[in-house]
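K.L.:
The residues making up each chain are set out below.
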Amino acid sequence: MKKVFVSAAALVALALISSPAVAQLKVAKRGPQAITLNKKIRKNTMEWLSEAPMENIKGSAPGVTGTFTVDPADLTKTTGKITVPVKGMKTGNPIRDGHLQGAEWLDSKKYPNVTFEIRKVSACRVDAKKGNKAKCKVAGTFTCHGVGKAVTTDVEISWKTGNAKTARKAPGDWIKIKTKFVIALGDYKVKGKSGVVGNKVGKTIKIWGSLYGNTK
Amino acid sequence: MTAAPPANALPRMSLVAGSPCATCHVAAQGGGMRNSIGFGTSQHTGAVPWSKMGVKSFDTGSPSFGGDTVTVGADIRSVLARMGRPKGDKKGDAELPDFLYVPMQLQPYVGIKPVEWLDIVGSYNLATLQRAFPGQATWEAFAQVHGPAHLPTVRVGMIQPTFGIRHDDHSMLIRADATSPRRPVIPPNYAEIGGELGYQPISWLRVDAGGFMVDNLKQTAAAAVGSSKFAYSARVMVMPQIIFGGSGEGGPTDDGFDDDDDDDFGEDDDEEEDDGGSAGSINTWLGGSVFGAGDFQMINAFLGVGASNLGSLIVEGAMIQKGPNWTGVNMMAMLSVRAGFEWLYFNVRGEQATMTEVNTSGGAVTTQQFVVGFEVFPFAYLEVRPEYRILITDEYRMNHYTLQFHTAF
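Residue numbers (the numbering used here), protein chains in the order written: chain A, 1 to 216; chain Y, 217 to 625.
Isolated chain Y (complex conformation) (with noise of 0.2 Å):
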């Protein structure tokens, strides 16, 4: 139980809006600093809007100053964990307190804009200054040149290798060691120096590739990287999207004129069951990548479907070569339900992690977590995290509750 993660984006977010992470983030991967409409999405989520806290004056504003040539933001993370006992520890010598609190990030952004096709961005996390995990960035920063869509972006610093996806709960197994399930092989936050291509021509297909150092990767898989000085990424993403209805008719993918069926005009409809028809969509995700160095490599693949205001299923399996000796097989599916509000997401998840040590007969090493919690938006820049943990190892089984709390802006 060492350092807790700090956590960035909601994948589910953008499978459910039907937006790409940069419609909310200046990285197109997601994650970190928030651009305007990223602030503006916190800032009018809540149950309890600005209005009925007198402070409607907090309704407007801005993260950016000089227009858009310095903006702002943050992200403050901390977790309150109500400790189980874990059962059938063989070791015996698992010593817990009853209630951990443990702050995750305290991550301030700062991100300038000179020209419209350039950003640079700063961020450290102050949190990291009290406990992080081998290998774990304190600090990001990376300038990012971005022109016409028929031209890649570029993006070069001290940035995350894009690869998989990039979730917010990096106490998941998705990029964890069985054997050792709390040190996670790709920490959270990870970063390198390096520089990554993203290309995305049109909307439903992009992808990245990208050349970085091994600095910090050689702090969990020093053995595997080896003498490798460089580790190489790649991602490919498809991403295809059915837009439908809108004022009970159809869209641009319905032709809707040849329906001779359609004569209803409405007259049985209430009034409070009329919303005026919007339209929405089915946002999916399909993709795979590769990360490595060395004898060192990550292959993930990945699948997301989202619904607007109904929520998204994300299943994601990642085969690990931590060097010749260990290989491991991580999987992890998440579902999350909109439950009545948009402010209030109901999320279940599972996942299993395994490392093999090849050539042995010590069998493979086996962590499951199963969580099952809620998504509460109180009222704006405020996210609340409830949530049940069962955490089966292979030495003990260990059940917690854990409350977090998240201020992005």
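Bound-form chain A, shown alone (with noise of 0.2 Å):
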């Protein structure tokens, strides 16, 4: 009976100390890989909404840039960062355009772009089915109207093999990045025109999209 016990817990502890780390993506590609956003695979846009009891307003922040270092093999070693220029921020009408990018909301002009920079990548599940594609939890700081603050967010990394077709676009192996947040215009002192947020804008605005980056 001793002997089926120290077994059992011997098993146990290699199986422990030689199962492959969770952040491992089943993928070629191994070691720290410079992944930069790139337009020719797909446009890179977040997309947001804001919903307020008079209406919703569903916007797009195109022209997304970034550079992430992605390791296959250690999913928790990722850093990186994105930005998104202000200027082109959407919301379906020009002269909202306007008033969004304007000096009461997010004044363009003096900070001209929203950032996110990966701080720490952790709690990683890989997919068992496709070993390419997981999900993780990113903590970074969101930078918008002059104010960085900590933001979570659960991120799905999906890494593609490059072969003869990708190569038509782009080089390199292929990466998605997709995310969904949600931050409150508030703790980024942005007050807007009196009497609006509440009302016709958001209190907080969702966020979302897919970004598509690739290794050189």
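If you're looking for bench data, these hints aren't it; they were derived computationally from the structure.
Be a bit skeptical, because a hint or two may be false.
[Stated by the list, open to error] Heads up, simulated PhoX-like pairs for lysine-lysine below, C-alpha to C-alpha not over 25 Å straight-line: (1) A:Lys81 / A:Lys206; (2) Y:Lys268 / A:Lys87; (3) A:Lys77 / A:Lys26; (4) A:Lys90 / A:Lys149; (5) A:Lys109 / A:Lys191; (6) A:Lys193 / Y:Lys329; (7) A:Lys40 / A:Lys87; (8) A:Lys87 / A:Lys189; (9) Y:Lys268 / A:Lys90; (10) A:Lys87 / A:Lys206; (11) Y:Lys329 / A:Lys191; (12) A:Lys189 / A:Lys149.
Can you join these two chains into the complex? Each is in its own frame, and there are hints to help.
P.N.:
Here it is in structure tokens:
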């Protein structure tokens, strides 16, 4: 009985030591890979939704750029930053676009970009069926209107090994990063026009998007 | 063929855009004076942009002065009609010109916003100096107080009570009397002195209710209104909206993270097809209203469905009690489809008005109308509407072409 118990314990210990890290994608590439967002794969656009009693406003933020360092063998080592220009943001109405980019709202002249910089990646779960996909918790700094705040978001990372077909659009391996999170305008000192936030513009904004990049 | 109707808002714009009427108009029911966003929509809608006309400076600019303190606007509308000949005209006395030109609306607006929570608006339709329907208001003016969303909006002045859908084409039969199809029961730009509360605590629910004088209503339904001095109105509208799509993935309504089949990197996309993805929406209305005074009552029910970049379908029905002896049932269905461009819509509409004199052997009087045409925005501030209309009454059938011009800002 004692022998069986010791053997079982040893097997468990061996399994724990030798099992692959859960943050490991089943792709050929190993080691830190430099990834650059590339609009030739797909246009990199973030989208957002403001929900308020008087109306819902759907908007987009095209022209997203960014770079990452991703190690498929250990996703928790991922670093990177994305930049979203305020000037190109759309609300579905040109005058309202101007308001959004103006001094009362996001003030594109003073704060031309919204950024998100990764601080920590954790709790990664690789898709058991599709080993090239994983979900992780990403903690970072979201900077908007000159104010940076800690934001944690769920991110889905998909890795596509490059082939002759993908090479026609962009070289190397491709990566897709899908995310969504919520921010509060008040946290970033975005006050807007008096009486509008809470009536026609939501106090919180839902943000989501898929970003596409490639290795060299 | 008396005064042609002025026209204001386009309800289908609200259904297609997924924005309420209040996004573009000062009054939450829509129609009338536009705010800066409404002006901007008119300023940037058109097949030929300003830059191609060599007047890029017109691309900016605002109708407001002193910030938002004073805002001006206008609706200028006229119609040119190629009249047909009524077939089967029993009276035999229809004399119609080949062409008819009618200035429908020449209505400037002035809005003042002394403080953020107060709008004061006034307008006068100069076209009514030439001709006006009985009961048609020549002017409109109101003060509107609006605070936080958890409080109602209050509007007082000379205003149109909120009931049914405020359509822009008042040749529609939904507010008509079948026995006199060109003299609507509720005339274009109908307005009374009164006050109204509007409450929209969440984006998909709105309630409006008000009390009004009856001076103009008495001009079309005097017998029904009788000695009553006041009219009442109430409308409830639910506006659920489904937001979908975006970057080829789900928005907030689609978790997406559990979609194991989602492996699309877009390697098969053509560059031209890749629009970067943008969220769309399906927008709906469902509502009912009542408006009445004395023995006059109008009960409306309506349904609207719209999809961004596609078009809309609006269906409305009205039961009219015009005194103890007359009851009417009017119905309308209108389909608007985007014809490939934001500045071009195809419209088709069918409608019927029926009025029955009760307790007689006379039976019901029925009028039907079918309209097909386009809305074209050739350049900013201008809408052109070529339409073909078939009007069928119990006495005659008449086909005619109309070409409507509308400048709005």
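K.L.:
Taking 25 Å as the top limit, are the C-alpha atoms of lysine 87 of chain A and lysine 189 of chain A close enough?
P.N.:
holds (18 Å)
K.L.:
Quickly compare the C-alpha distance for lysine 189 of chain A and lysine 149 of chain A to 25 Å and report which way the hint goes.
P.N.:
Cα-Cα ~11 Å, so holds.
K.L.:
CA of lysine 87 of chain A to CA of lysine 206 of chain A, is that 25 Å or under?
P.N.:
holds (19 Å)
K.L.:
Straight-line Cα separation of lysine 193 of chain A and lysine 329 of chain Y no greater than 25 Å?
P.N.:
holds (14 Å)
K.L.:
Do the alpha carbons of lysine 81 of chain A and lysine 206 of chain A lie within 25 Å of each other, as the hint requires?
P.N.:
holds (20 Å)
K.L.:
Need the status of pair lysine 40 of chain A, lysine 87 of chain A: alpha-carbon distance at most 25 Å?
P.N.:
Roughly 21 Å between the alpha carbons, so the hint for lysine 40 of chain A and lysine 87 of chain A holds.
K.L.:
Is lysine 329 of chain Y within 25 Å of lysine 191 of chain A, Cα to Cα?
P.N.:
Distance of about 20 Å is within 25 Å: holds.
K.L.:
Check the hint pairing lysine 268 of chain Y with lysine 87 of chain A against an upper bound of 25 Å on the C-alpha distance.
P.N.:
With a Cα-Cα distance of about 23 Å, the restraint between lysine 268 of chain Y and lysine 87 of chain A holds, given a limit of 25 Å.
K.L.:
Is the straight-line distance between the alpha-carbon of lysine 77 of chain A and that of lysine 26 of chain A 25 Å or less?
P.N.:
Given that 25 Å is the threshold and the Cα spacing comes to 16 Å, the pair holds.
K.L.:
Take the C-alpha atoms of lysine 90 of chain A and lysine 149 of chain A, compute the straight-line distance between them, and say whether it is at most 25 Å.
P.N.:
holds (23 Å)
K.L.:
For lysine 109 of chain A and lysine 191 of chain A, compute the direct alpha-carbon distance and say whether it is at most 25 Å.
P.N.:
holds (17 Å)
K.L.:
For a C-alpha distance cap of 25 Å, please report whether lysine 268 of chain Y and lysine 90 of chain A respect it.
P.N.:
holds (22 Å)
Checked against the numbered hints given earlier, the structure satisfies every one of them.
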